[in-house]
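**Q** Listed below are the residues making up each chain.
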Amino acid sequence: GDSVTQMEGPVTLSEEAFLTINCTYTATGYPSLFWYVQYPGEGLQLLLKATKADDKGSNKGFEATYRKETTSFHLEKGSVQVSDSAVYFCALSDFRTGANNLFFGTGTRLTVIP
Amino acid sequence: SAVISQKPSRDICQRGTSLTIQCQVDSQVTMMFWYRQQPGQSLTLIATANQGSEATYESGFVIDKFPISRPNLTFSTLTVSNMSPEDSSIYLCSVEGVTEAFFGQGTRLTVV
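Those protein sequences? They're chains A and B, same order as listed.
With my numbering, you'll find the first sequence wraps up at 1073, consecutive numbering, no jumps.
With my numbering, you'll find the second sequence wraps up at 138, consecutive numbering, no jumps.
Bear in mind the hints are in silico, worked out from the structure with no lab data behind them.
Backbone N, C-alpha and C define an ideal beta-carbon position, used for all residues, glycine too.
Please note: incorrect hints may appear among the correct ones.
Residues from chain A shown here face chain B by an in silico Cβ test under 8 Å; the list is partial [unchecked claim]:
(1) 993
(2) 1008
(3) 1048
(4) 1064
(5) 1065
(6) 1066
With these hints in hand, go ahead and build the complete structure from the sequences.
**A** Shown next, in the form of structure tokens:
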């Protein structure tokens, strides 16, 4: 079945450091891929998404490229800020075939220190 | 997009009691989803709620423990019944968009 494997945390970085959070997936169809973010005390928010191979999702300086050949969707940011401290979830769903629920990774807690 | 209001945002409950979580959406949606996020873990789908029919539960979740109502296209409730400390989690409702899902802010439940 469909699944997502995500780099375990926690991750602690200094401000302006480079961030990579690894995510790989297993899917039988043609999934859409997502990164969701959960800031302290808040609900999940969509950070970025990609719906087909080679698509790059980007938002707030974060990027992730849908790599079908490596079944990956790694999250990157060139220079993190303290305000990026949150839990990040990689997820997949195959809306196109009617599988509407999301499969989530275990989440990676990022702490950025000044 | 969809805006989802979920309440309560948090609660502390005694074991053996029940808590009902409400989820209100600002637009009509066919399906609503309920997830559980246990401490330090990822989100797990509990059930899918369609208006006018019984909810569909995922493996490991049963209606007696997590009864769901879906009285109309903008509202749903999830009840956590006969609670035990193992039910301490964040519960989230979600709706689907065309290419993404939208989430409520979650209900943080602590059972003591």
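**Q** Determine for every hint whether it applies to the structure shown.
**A** So, going through the hints one by one against the coordinates:
{"no.": "1", "hint": "993", "in the structure": "holds, 7 Å"}
{"no.": "2", "hint": "1008", "in the structure": "holds, 6 Å"}
{"no.": "3", "hint": "1048", "in the structure": "holds, 7 Å"}
{"no.": "4", "hint": "1064", "in the structure": "holds, 6 Å"}
{"no.": "5", "hint": "1065", "in the structure": "holds, 4 Å"}
{"no.": "6", "hint": "1066", "in the structure": "holds, 6 Å"}
The structure agrees with every numbered hint stated previously.
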